[in-house]
Amino acid sequence: MVDTKVKLTGWELDNPIIPASGTFGYGHEFAELYDINCLGTFSFKGTTRDPRFGNPTPRIAEASNGIINSVGLQNPGVDAVISNELPKLAKVFNKKVIANVSGFCVEDYVYTCSKLNDQEQIGIFEVNISCPNVHNGGMALGTSCVSAAQVTSAVKAVTDKPVYVKLSPNVTDVVEIAKACEDAGADGLCLINTLMGMRINLKTGKPIIANKVGGYSGPAVYPVALRMVYQVYDKVSIPIIGCGGVTCAAEVLEMMMAGATAVEVGAANLINPYVCRDIVEALPAEMEKYGISKLTDIIGGAH
Amino acid sequence: MKQGIFTIVQNELLAPSVYRMVLQGDTTGFTAPGQFADISIPGLYLRRPISLCDVTDDKLTFIYKVVGVGTDAMSTMDPGQELDLLTGLGNGFDMSRSGDKPVLIGGGVGVPPMYYLAKQLIAQGRQVSVILGFNTADEVFYSQEFADLGANVTVTTVDGSLGTKGYVTDALKDMDYSFFYACGPMPMFRAVEAVAETDGQYSFEQRMGCGFGACMGCSMETKRGPKRVCKEGPVMDREEIIW
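Residue numbers (our numbering), protein chains in the order written: chain A, 1 to 303; chain B, 1 to 243.
No wet-lab data here; the hints were simulated from the structure. A portion of the hints provided could be inaccurate.
[Unchecked claim] Here are a few chain B residues that face chain A, going by a calculated C-beta distance under 10 Å:
1) Ser40
2) Leu46
3) Arg47
4) Gly68
5) Val69
6) Asp84
7) Arg207
8) Met208
9) Gly211
10) Ala214
11) Cys215
12) Glu221
13) Pro226
[What the hints assert, rightly or not] When the alpha-carbon atoms are kept at most 25 Å apart in a straight line, the in silico DSS-like pairs for lysine-lysine are as follows:
14) B:Lys227 <-> A:Lys91
15) B:Lys2 <-> A:Lys91
16) A:Lys235 <-> A:Lys179
17) B:Lys2 <-> A:Lys88
18) A:Lys95 <-> A:Lys5
19) A:Lys91 <-> A:Lys115
20) A:Lys96 <-> A:Lys115
21) B:Lys65 <-> B:Lys165
22) A:Lys203 <-> B:Lys65
23) A:Lys294 <-> A:Lys5
24) A:Lys289 <-> A:Lys5
25) A:Lys115 <-> A:Lys156
26) A:Lys206 <-> B:Lys165
27) A:Lys88 <-> B:Lys227
28) A:Lys212 <-> B:Lys227
[Unchecked claim] Some chain B residues well away from chain A (every beta-carbon gap over 10 Å; in silico):
29) Ile5
30) Leu83
31) Asp94
Note that the Cβ used here is the ideal one computed from N, Cα and C, for glycine as well.
So here's chain A without its partners, still in its complex pose (with noise of 0.2 Å):
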């Protein structure tokens, strides 16, 4: 019998699973599939202080053993996320959930995680500053180790909730905005987001996308991610949430030994709905194919 719980600032997961903002909405869909409580938890949809729509279509192309998107953060809106997702959710998992929030001011992130502050239902904010998809703020906010800071430190002031800031790997040296990011006070890492990427239509000549560049995600961008990890977390001394192109057991294993405590499974859920449930699933017999007894001690085991 081995052991799959790992700790984020304190609150135990039975298993390291975590399906990645923007690609599990509130979670209705995939609990209409499987039962969701096997997850270590997930991280919801992008909220924002108010609705969004997000960006016009086509947000959608395809790449190599990827995806790239311009959803732009379409969402009902912190207000609605507290009085319909929450309580629906409420119905379908018992387990605390990671609220992804995204702004586009440093005031932006102060309101909404002030609104969620109460929700016993969050476990930890993920405070998103990696988004590429909206013009101001998202990404830009992520990408200057002043204002990723500042940020930090504006949502660390409201709430007593753990705070861990999801970075961008379109940067110069990611190294040094996770260090601003633990200076200013933040609980934990999540990293990667989306890289920037583009398509273009050779039958029309112009960009696939209607806001011509969007995220790519995927198993294609699953050696950036582990690098990230890897580079970041003897730098730090918080925990990293390892994100970016994961789609099986092996490669939870493979992210954790680079220095993740737990690990995001974005795109994979979009082309299998069940992936998720298969990691939890076949992880333990993966731990064992490597004398694994306690997934814990493989964390940054390959620095």
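With chain A's structure known, arrange chain B on it following the hints.
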């Protein structure tokens, strides 16, 4: 929605660039005409959404046009090959609104979903008219199959090489009908919207990520708020569409 492995039993050219694929497997995921499947194509990352043309106890029929790498790969597949499908996606057409004399309007590759709809409406005793719009006689498919179901079939071709010369709306404007169902390109929808005299439903197409409501990649604004084409659609009521 159900996930299942299906075996190709037929994959044949029906018209230039248009193929019919018949798959065998568990078809119980489909509950309404107008739904679609999301087909996993070996070697490609995203599944490909394809409208259901017909469903029986153990077989699914899809008619698809080669428009990109996904459908091109499908066109080269042989009987015996297995495919991973998500079935029963989307809301489908609302048959309770049809009235006694519905008209079904299909343009090009918008024709296939009308087949199972016609079959079901005829089974319910409706007097079904079908308008099938194409550019030219070479492109026409399934007019006989619709007639065999017992539908009153009108074919239109833009160049007049078969049936009524012109567009689907040239046939629609002289027709007496209780409700319309339409699937085809946006210019056809706008033309139908301009002349249709009853309530109706349109089936939309959009680039999708997942096909089952998770990624918000295919959303559209409607008078009833944002909707996901894959989940609350692809079929939308005439009265909710923002043109």
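Structure-based check of all given hints:
{"no.": "1", "hint": "Ser40", "verdict": "7 Å, holds"}
{"no.": "2", "hint": "Leu46", "verdict": "5 Å, holds"}
{"no.": "3", "hint": "Arg47", "verdict": "7 Å, holds"}
{"no.": "4", "hint": "Gly68", "verdict": "9 Å, holds"}
{"no.": "5", "hint": "Val69", "verdict": "8 Å, holds"}
{"no.": "6", "hint": "Asp84", "verdict": "8 Å, holds"}
{"no.": "7", "hint": "Arg207", "verdict": "4 Å, holds"}
{"no.": "8", "hint": "Met208", "verdict": "6 Å, holds"}
{"no.": "9", "hint": "Gly211", "verdict": "8 Å, holds"}
{"no.": "10", "hint": "Ala214", "verdict": "5 Å, holds"}
{"no.": "11", "hint": "Cys215", "verdict": "5 Å, holds"}
{"no.": "12", "hint": "Glu221", "verdict": "6 Å, holds"}
{"no.": "13", "hint": "Pro226", "verdict": "5 Å, holds"}
{"no.": "14", "hint": "B:Lys227 <-> A:Lys91", "verdict": "23 Å, holds"}
{"no.": "15", "hint": "B:Lys2 <-> A:Lys91", "verdict": "22 Å, holds"}
{"no.": "16", "hint": "A:Lys235 <-> A:Lys179", "verdict": "7 Å, holds"}
{"no.": "17", "hint": "B:Lys2 <-> A:Lys88", "verdict": "23 Å, holds"}
{"no.": "18", "hint": "A:Lys95 <-> A:Lys5", "verdict": "14 Å, holds"}
{"no.": "19", "hint": "A:Lys91 <-> A:Lys115", "verdict": "21 Å, holds"}
{"no.": "20", "hint": "A:Lys96 <-> A:Lys115", "verdict": "17 Å, holds"}
{"no.": "21", "hint": "B:Lys65 <-> B:Lys165", "verdict": "23 Å, holds"}
{"no.": "22", "hint": "A:Lys203 <-> B:Lys65", "verdict": "16 Å, holds"}
{"no.": "23", "hint": "A:Lys294 <-> A:Lys5", "verdict": "8 Å, holds"}
{"no.": "24", "hint": "A:Lys289 <-> A:Lys5", "verdict": "18 Å, holds"}
{"no.": "25", "hint": "A:Lys115 <-> A:Lys156", "verdict": "13 Å, holds"}
{"no.": "26", "hint": "A:Lys206 <-> B:Lys165", "verdict": "34 Å, violated"}
{"no.": "27", "hint": "A:Lys88 <-> B:Lys227", "verdict": "19 Å, holds"}
{"no.": "28", "hint": "A:Lys212 <-> B:Lys227", "verdict": "22 Å, holds"}
{"no.": "29", "hint": "Ile5", "verdict": "13 Å, holds"}
{"no.": "30", "hint": "Leu83", "verdict": "14 Å, holds"}
{"no.": "31", "hint": "Asp94", "verdict": "21 Å, holds"}
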